[in-house]
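Enquirer: So the chains spell out like this:
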Amino acid sequence: MKKNQNIVIMDDNRFDSILRTKLEDYHHPVIDHTAISVLHQQQAVTTESSWYSRYRTEVLIGAGIVLFLLMYFLGYTLLNQTVRLTDQQTKTLDDQSAELAALRKEVSRLQLLTTDTVWIIKSQQQDEQITLELRKRISFLEESNRELMALIASSRAFQPRLAGEESMPLTSISEFSVSPNFIMNDDIDQPAIPNQTLSSTHEKSLSAKSIRALEKHYSHGVGIKIGPTADIFLSQYSLGNGQLSISGGILADFILSPALGLETGIKYSERFYAIDDEIALSGSTLPGIDEQLGNLQSAEVDYRLLEIPINLKYRHPLSLNDHWIASIGYSCLVYLNEDFEYTYEFDSPSTNPTSIVSTVTNNEAKVYPGTINLSLGMSHVLKNKKIIEGSLFYNHGIGTQGLEKTRAQYFGLRGTYWFTVK
Amino acid sequence: MEYYSYAMGICLRYSRSAEEAVEILNDGFIKIFSKLSMYSKGLSFKGWLRKVMINSAIDYFRRNERHYHSLDISHVQNESLSENALDKLSAEEIISCIQRLPPSYRMVFNLYAIEGYHHEEIANQLNITVGTSKSNLAIARNKLKRMIMGEREEESKHSHHG
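The listed protein sequences correspond, in order, to chains A and B.
Read left to right, the first sequence gives residues -13 to 408 (my numbering).
Read left to right, the second sequence gives residues 4 to 165 (my numbering).
Only chain A is shown next, with the shape it has when bound in the complex:
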């Protein structure tokens, strides 16, 4: 405490102490009866609150677990059905191939038989009849085998889990392979071209239409792929200049048909930009600006947010392993936190003009309308049967976002590594 003529100047502790003494035991003299009746009403509502509102968190967790188990069971059942179907097809292929080999042997045997002179006419007629029947059966079996092989090959491309130990090894498929020319009747007495497989060059030579037909033929129900995703993108805001940002998350792709899929998931990102323009600063609704601190010079805005996209994807086959992908959709944006850093020019009478920095944080999560999404890219099935997907994307903000009400656009590159669930 300092004495200045007759006035006593206080230090901070004394100031606090005087206020504490005056306020510590303060009783407000006015009783607001309306406020008391509101309190009674609130009490009544609290007492009557439903069991659901009291156990809301527990109920939500329980519902989530039940939903997860249900989806898991559904996925497991569908996967088992697919595996069973492929096993059945493989067994049929086995049986038909054995029959085919036996028939070829029989045809060869018949052609090597020496005919008896007495029965020459009758025998020739019989042999021709038998050979014709055998050739018909061989043609049918070869055609059937080729279809089965194509189905099994496509199942391996689109159902990687089937390539496990339980299913037939790849090499065994080649044993049943045939040349398209082999079914010609004239060549039936020639030895079969051995081990001609549905090679990769053969796969590549398939037209988009044929691949789509194979995919369509094989598709059973809704397929599911899940995988991690990462984006790198440039942001553009109506109030200022954005910077390069990244986001990461997990996506699920529900394959509704060979051509269409529905992609959804959740991604986390941090985005930031700066506002330097005076007009933008004065025209914005930046929160917590304190003009008593001086003239606002610039503002930096940082967001932490979750993005929940839902995109409709169109897949166009280039080969069994490669597809063009185009998508259109919508993303909902949940802003978890916003940081604003303001730089003021503080004009103190005792010192030169200097900068003063103020920060304002908004920790209240808020959902914004989000963005319309467009993307174009490619996917490729890797040797380990996982799928890698890359695309260019453009997201256009709907309405304004953030407390400062800015409009935003994002342009960038996305990569996703897909695991097939079913």
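Rather than coming from a laboratory, the hints here were simulated on the basis of the structure.
A hint or two may mislead.
The list that follows gives simulated cross-link-like pairs (lysine-lysine, DSBU-like), each with its CA atoms no further than 30 Å apart [stated by the list, open to error]:
(1) Lys148(B) - Lys54(B)
(2) Lys253(A) - Lys148(B)
(3) Lys8(A) - Lys49(B)
(4) Lys49(B) - Lys352(A)
Have a look at the derived ranges for each label pair, beta carbon to beta carbon [claimed, not checked]:
(5) Ala216(A) - Lys49(B): 52 to 60 Å
(6) Phe48(B) - Ile294(A): 44 to 52 Å
(7) Lys54(B) - Thr7(A): 42 to 50 Å
Beta carbons are placed, not taken as given, at the ideal position from N, Cα and C, and that holds for glycine.
We have chain A already, so just place chain B on it with the hints.
Expert: Just chain B, lined up with the frame of chain A:
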């Protein structure tokens, strides 16, 4: 009614208006009624009531005040105020000045200067840094001193004209 007016006195300090104070007060009383079993009979009921009302004010702040302010105040000058000026002010006038503070400054000032919390406790309760708590307190004090000086000047002008 004694407890009601005491609780209202606390809530007024933590709010910008009587309406806001009533909201905090009602929240506090709901908590008291629903958790009365947690009150230990040996302790002062008034102390417990005070604690509940302060917590209710902190909850209200967290729920409704979106912006936590923090400032680098190394350049801000300290205001000086005479003790005589403060002595003449009534509790109502001081509360009125406190109510005019921005919410984050008001909250830190109340918790530190009136309730005697430490900066670490305040930082923990309001989810801010200790530095922010200290700077908010310093600004709150400065603003309050300026307001009180303003009040005194107004009063002396009126008395001269009178």
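Enquirer: Does each hint fit the structure? Answer for all of them.
Expert: Results for each hint:
1. Restraint check for Lys148(B) and Lys54(B): satisfied, since their Cα atoms lie roughly 27 Å apart, inside the 30 Å limit.
2. With a C-alpha separation of about 49 Å, the suggested pair Lys253(A) and Lys148(B) falls outside the 30 Å cut-off, and the hint is violated.
3. A distance of roughly 17 Å separates the Cα atoms of Lys8(A) and Lys49(B); the hinted pair therefore holds under the 30 Å criterion.
4. Proximity of Lys49(B) to Lys352(A) is assessed by CA-CA distance (about 38 Å); at most 30 Å being required, the pair is judged violated.
5. Between Ala216(A) and Lys49(B) the Cβ separation comes to about 58 Å, which falls inside the hinted range of 52 to 60 Å.
6. About 49 Å separates the C-beta atoms of Phe48(B) and Ile294(A), a value consistent with the hinted range of 44 to 52 Å.
7. A hinted range of 42 to 50 Å is violated for the C-beta pair Lys54(B) and Thr7(A), which are about 20 Å apart.
In summary, the structure is inconsistent with hints 2, 4, 7 from the numbered list given earlier, while agreeing with the others.
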